[in-house]
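Student: Sequences and hints are given; from them, build the entire structure.
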Amino acid sequence: MPSFGTQQEELREIQRRLTILKIALLAIVGLLALRLWDLQVRDGAYYRDLSENNRTRTVILEPARGLIYDRRGVLLANNVPSFGLYVTLEDVKDRKALIQGLVGLIGLDETVLKKKISERGSKLLPRKLKDGLSLREAALIESHRLDLPGVMIQADSQRNYPNGPVLAHVLGYVGQVSAEQLEKSQSQELHQGSMVGQYGVEKAYDRFLRGRAGQKVIEVDALGHEKRTVSVDKPAAGDDLYLSIDLRLQRLAEELLGEEAGAIVALDPTNGAVLALASRPSFDPNVLSRELTAKQWDAIVQDDSHPLTNRATQGQYPPGSTFKIVMATAALESHTITPSTKIRCVGGFPFGRRVYKDWKAGGHGFMDVTQALVESCDVFFYTVGQRMGIDMIADFADQFGLGQETGVELPSERTGIVPSTVWKAKAKGQPWLPGETISAAIGQGYVTVTPMQMAHLMATVANDGVSFRPRIVRAVMERASGLVHEIPTVPHGQLAVAPETLALIKEALAGVVTRGTATRARSALVSIAGKTGTAQTAALRTGPQEDIPKRFRDHAWFVSYAPVDAPRIAVAVLVEHMGHGGSAAAPLAKQIIEAFVRHERAEPKLAERTGVGKPEGLELAMQGAR
Amino acid sequence: MIDRVMDNRELDSFDWQFLAVTAAILSLGVLSIYSVTHAQAGAGLPLYIKQVLWILVGCAAFLAMLMVDYHKIARWSYVLYALILILLVVVLMAGKTSRGAQRWIPMGPFAFQPSEFAKLVLILVLATYYAHAPREGWIQRVVLPGLLMMPGLLLILKQPDLGSGLSFLAIYAALLLVVGMRSKAMGILLLFAVMLFPFAWELVWGALHDYQRERIMTFLDPAYDTGGKGYHALQSRIAIGSGELLGKGLYGGTQSQLKFLPEGHTDFVFAVFAEEWGFLGTLLVLALFLGLLMLSLEIALKAKDVLGALLAAGIVGMLGFCLMVNIGMTAGLLPIVGIPLPLMSYGGSAVVTTMAALGLLLNIKRRRLTLFY
Numbered sequence: 000m001p002s003f004g005t006q007q008e009e010l011r012e013i014q015r016r017l018t019i020l021k022i023a024l025l026a027i028v029g030l031l032a033l034r035l036w037d038l039q040v041r042d043g044a045y046y047r048d049l050s051e052n053n054r055t056r057t058v059i060l061e062p063a064r065g066l067i068y069d070r071r072g073v074l075l076a077n078n079v080p081s082f083g084l085y086v087t088l089e090d091v092k093d094r095k096a097l098i099q100g101l102v103g104l105i106g107l108d109e110t111v112l113k114k115k116i117s118e119r120g121s122k123l124l125p126r127k128l129k130d131g132l133s134l135r136e137a138a139l140i141e142s143h144r145l146d147l148p149g150v151m152i153q154a155d156s157q158r159n160y161p162n163g164p165v166l167a168h169v170l171g172y173v174g175q176v177s178a179e180q181l182e183k184s185q186s187q188e189l190h191q192g193s194m195v196g197q198y199g200v201e202k203a204y205d206r207f208l209r210g211r212a213g214q215k216v217i218e219v220d221a222l223g224h225e226k227r228t229v230s231v232d233k234p235a236a237g238d239d240l241y242l243s244i245d246l247r248l249q250r251l252a253e254e255l256l257g258e259e260a261g262a263i264v265a266l267d268p269t270n271g272a273v274l275a276l277a278s279r280p281s282f283d284p285n286v287l288s289r290e291l292t293a294k295q296w297d298a299i300v301q302d303d304s305h306p307l308t309n310r311a312t313q314g315q316y317p318p319g320s321t322f323k324i325v326m327a328t329a330a331l332e333s334h335t336i337t338p339s340t341k342i343r344c345v346g347g348f349p350f351g352r353r354v355y356k357d358w359k360a361g362g363h364g365f366m367d368v369t370q371a372l373v374e375s376c377d378v379f380f381y382t383v384g385q386r387m388g389i390d391m392i393a394d395f396a397d398q399f400g401l402g403q404e405t406g407v408e409l410p411s412e413r414t415g416i417v418p419s420t421v422w423k424a425k426a427k428g429q430p431w432l433p434g435e436t437i438s439a440a441i442g443q444g445y446v447t448v449t450p451m452q453m454a455h456l457m458a459t460v461a462n463d464g465v466s467f468r469p470r471i472v473r474a475v476m477e478r479a480s481g482l483v484h485e486i487p488t489v490p491h492g493q494l495a496v497a498p499e500t501l502a503l504i505k506e507a508l509a510g511v512v513t514r515g516t517a518t519r520a521r522s523a524l525v526s527i528a529g530k531t532g533t534a535q536t537a538a539l540r541t542g543p544q545e546d547i548p549k550r551f552r553d554h555a556w557f558v559s560y561a562p563v564d565a566p567r568i569a570v571a572v573l574v575e576h577m578g579h580g581g582s583a584a585a586p587l588a589k590q591i592i593e594a595f596v597r598h599e600r601a602e603p604k605l606a607e608r609t610g611v612g613k614p615e616g617l618e619l620a621m622q623g624a625r
Numbered sequence: 000m001i002d003r004v005m006d007n008r009e010l011d012s013f014d015w016q017f018l019a020v021t022a023a024i025l026s027l028g029v030l031s032i033y034s035v036t037h038a039q040a041g042a043g044l045p046l047y048i049k050q051v052l053w054i055l056v057g058c059a060a061f062l063a064m065l066m067v068d069y070h071k072i073a074r075w076s077y078v079l080y081a082l083i084l085i086l087l088v089v090v091l092m093a094g095k096t097s098r099g100a101q102r103w104i105p106m107g108p109f110a111f112q113p114s115e116f117a118k119l120v121l122i123l124v125l126a127t128y129y130a131h132a133p134r135e136g137w138i139q140r141v142v143l144p145g146l147l148m149m150p151g152l153l154l155i156l157k158q159p160d161l162g163s164g165l166s167f168l169a170i171y172a173a174l175l176l177v178v179g180m181r182s183k184a185m186g187i188l189l190l191f192a193v194m195l196f197p198f199a200w201e202l203v204w205g206a207l208h209d210y211q212r213e214r215i216m217t218f219l220d221p222a223y224d225t226g227g228k229g230y231h232a233l234q235s236r237i238a239i240g241s242g243e244l245l246g247k248g249l250y251g252g253t254q255s256q257l258k259f260l261p262e263g264h265t266d267f268v269f270a271v272f273a274e275e276w277g278f279l280g281t282l283l284v285l286a287l288f289l290g291l292l293m294l295s296l297e298i299a300l301k302a303k304d305v306l307g308a309l310l311a312a313g314i315v316g317m318l319g320f321c322l323m324v325n326i327g328m329t330a331g332l333l334p335i336v337g338i339p340l341p342l343m344s345y346g347g348s349a350v351v352t353t354m355a356a357l358g359l360l361l362n363i364k365r366r367r368l369t370l371f372y
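Same order as they appear, the protein sequences are chains B and V.
Numbering follows numbering that gives the first Met the number 0, with no gaps: position 382 of the first sequence is 381.
Numbering follows numbering that gives the first Met the number 0, with no gaps: position 319 of the second sequence is 318.
If you're looking for bench data, these hints aren't it; they were derived computationally from the structure.
It cannot be assumed that every hint is accurate.
[To be verified] Now the stretches of chain V that chain B is said to cover, found in silico as 3 or more residues with beta-carbon under 8 angstroms: (1) 234-245; (2) 284-297; (3) 304-313; (4) 319-332.
The model shown is predicted, which means the values in this text are computed figures rather than measured ones.
A virtual CB, placed ideally from N, CA and C, is assigned to each residue, including glycine.
Tutor: Right, dumping it as structure tokens:
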């Protein structure tokens with residue numbers, strides 16, 4: 000330790016030397032100030048010019064969107080090349096001349112053009128004026144490039160759905176990212192003009208399909224035309240999807256519905272895979288994925304038949320007699336009845352000041368619960384419904400997944416309604432009326448469900464109470480690694496119902512087809528179990544259906560699974576305004592099931608088709624997708 | 000609690016100047032960060048709010064470093080150094096990698112960059128060393144402190160963090176300068192430097208990432224730029240230059256707002272500021288920094304003991320170096336190495352370290368009038 004004296008001496012020496020540091024600092028700051036003077040004042044105008052006419056332009060290179068295949072590898076969505084017309088406003092000196100030039104050359108709509116040019120957005124990034132130019136139009140513009148500063152033609156890709164309107168509601172469509180979407184997106188992945196999924200799987204799995212955009216920095220000449228490439232960051236293509244849909248079943252389902260409005264959902268009860276999901280009327284996603292004029296768009300949105308609604312997941316219908324599956328389970332499980340309890344049906348059920356009718360005038364006579372399901376006796380269920388009360392019914396409907404989303408990966412799924420005293424107080428602010436329980440007991444009144452929910456319900460029954468979340472995408476093929484990630488089945492819960500109860504219900508459902516209301520679904524090929532339903536659309540009408548205008552006629556339901564012993568397919572069919580489920584819906588389900596069985600016999604290993612990658616990170620993938 | 004030996008009078012005009020200059024630089028920094036990032040929608044808190052939070056943390060660090068007698072702090076310097084070395088090892092093993100360098104230790108939503116704190120700790124270690132070291136002998140005066148610095152320097156270069164590594168060398172150099180080497184020692188050192196240069200070059204150049212080499216090559220030889228890497232340097236120059244005398248006004252910086260300029264809120268914050276506020280604005284910033292440096296030198300000049308003087312000198316050296324390299328690189332005078340502009344660039348670790356250093360400076364000043372021992 001140096002002594003105090005030398006310390007002070009040393010301190011003085013240090014402080015003398017600080018002068019060197021001081022001079023160095025003054026010199027540094029002085030030098031920096033001089034440099035800044037050079038840059039900002041002496042050469043300021045030059046740099047200002049450079050910044051204003053920044054001679055480099057960034058061109059975004061769109062990634063190729065991931066492809067979509069069905070379960071057998073049949074192509075459902077791909078990309079085809081097209082020419083896009085772009086303009087960089089920074090390089091446009093005279094906007095009027097530009098508009099006139101483009102209108103004159105290829106006959107673009109002047110007002111649309113004006114609107115696009117005046118939209119908010121960067122002046123330095125090329126903006127798309129039109130896509131899908133014909134080769135002739137592209138050539139015309141290229142040959143006039145000297146008259147059109149800032150204009151360029153870029154090879155884009157256009158989303159293409161080779162099967163047209165088939166599977167449209169599942170696939171969805173793509174469109175330019177909207178201003179709100181752009182603002183909401185937290186990543187920098189999206190940019191003005193990005194194509195993103197706007198509906199269906201395209202939307203739900205957009206994150207995977209989208210890929211990563213690249214960019215090219217180019218040096219442009221005074222007309223804004225590319226002179227030299229400065230740097231290229233290549234885009235990365237999006238991941239491919241393999242759906243669980245079988246396009247053959249899907250086509251058949253849509254053909255069966257034909258011109259009628261309705262929905263068909265087919266699920267694999269053992270894992271929740273969606274085999275077919277048809278909703279009619281449909282739309283052509285090829286049209287929607289192109290740029291539509293406001294008029295075209297309005298025509299689609301305002302179409303009375305609502306082609307954009309996915310009736311399978313967004314259509315909410317009274318379940319009608321298909322709800323009796325829930326009722327029978329609830330009645331048995333709550334010990335309101337036993338399997339041998341008999342109730343006499345005389346064709347009507349007096350309650351309060353009115354009589355609730357059975358569909359069969361004169362009644363069914365004495366019925367136990369099995370017979371009541373097989374013959375779809377209304378009075379039996381009016382009686383047990385009244386005994387149980389609405390909240391007990393609601394509890395079981397809830398267990399069967401009604402009143403909630405099934406969780407299928409399609410955007411904007413609807414939940415339907417499972418009414419209860421609490422629900423009514425909340426939704427209507429009124430107390431529950433006892434008579435409303437009677438209607439609910441046969442799936443009328445406030446109860447509504449979606450066809451997807453009913454298919455899911457049947458799958459749950461078929462699978463002895465174990466249910467899986469319905470899923471449309473079975474695997475994602477990661478482009479970067481080439482790995483196929485199987486999306487795992489997601490258990491959706493288990494019915495807390497005694498095995499005997501389920502066995503009884505299943506036996507009754509088989510009886511519905513062999514000797515009950517759905518004999519028209521009986522197949523020589525495979526044993527089918529099911530339940531018919533007829534959903535009233537307007538209250539209390541009499542007379543034969545044919546006399547009623549079509550839009551007031553009942554909806555026909557048939558929900559089913561097959562084969563009876565070891566179910567591998569569950570099908571829900573809903574046909575709007577077609578009357579009785581047994582005649583209008585059951586034959587359709589039968590055809591789907593038979594086609595499925597025939598395919599299965601022809602290709603026994605179909606179910607194992609994909610299965611390469613490890614299921615790593617798939618939980619995440621699922622969450623991301625939802 | 001204020002330490003007993005503290006000058007307990009009211010803040011005098013010097014202290015006020017010191018605080019005001021610091022606050023002014025911090026504010027201009029937040030303003031520029033706000034300007035360049037306000038339009039970017041991002042997850043979580045906006046960056047400028049985060050920066051304000053960091054400044055609040057920095058205030059706490061400032062007060063802590065001000066309250067405790069700096070002799071007490073210095074007594075802990077070797078322990079702190081050991082801790083920092085451990086953290087630097089942790090960073091290498093478990094740190095977060097960003098842009099090819101492993102510099103951060105993730106802590107919840109934030110990341111902590113030990114190499115920033117290491118700079119201040121190095122100042123403490125070297126100043127403490129010299130305060131007790133014999134006054135003679137070039138081994139004791141040059142080699143040993145150099146060896147003392149080595150583990151930290153090597154760990155930082157391994158990340159690699161060229162900017163912090165250079166700051167380490169700058170601090171060492173600044174202290175060597177003021178402790179006064181004899182000319183003979185200086186000569187020997189120079190000789191060694193020349194002899195060791197190829198090895199050192201290999202060590203440093205070999206530790207660099209491709210992007211860093213490219214940046215240096217771009218600087219040395221603009222024609223080297225084939226992949227567009229000189230683009231950043233050019234865009235930064237365009238940003239500063241196009242500000243001209245009066246600037247383009249707040250949010251008016253087309254270079255930064257249109258993202259021609261990368262990292263506008265961190266290393267290139269000065270270019271953002273220069274574009275929007277022009278030459279008058281940059282002069283103001285330079286004047287503020289010069290003011291801060293001169294006030295700090297004043298503290299070193301009036302320190303009552305060797306430790307205080309060396310600490311102050313080390314801090315001045317660190318700040319001056321960062322200022323020179325950062326503005327030098329944004330203005331195209333120096334190659335682009337990742338050194339933030341003190342108090343202005345976005346970055347929690349850097350802000351907290353710098354504010355702690357300023358607290359230490361004021362500590363030295365406030366205790367200069369008290370009796371020795």
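Student: Please go over all the hints and tell whether each is borne out by the structure.
Tutor: Hints and how they fare:
Figure legend: the region 234-245 of chain V, annotated as covered by chain B; annotation consistent (9 residues with Cβ-Cβ distances under 8 angstroms, at least 3 required). Proximity of the region 284-297 of chain V to chain B, defined as three or more residues with a beta carbon under 8 angstroms from a beta carbon of that chain, is established by the 6 residues found. Check result for the region 304-313 of chain V against chain B: holds, 5 residues qualifying (beta carbon to beta carbon below 8 angstroms, three or more required). For the region 319-332 of chain V, the proposed coverage by chain B is satisfied: 8 residues have a C-beta within less than 8 angstroms of a C-beta in that chain, meeting the threshold of three.
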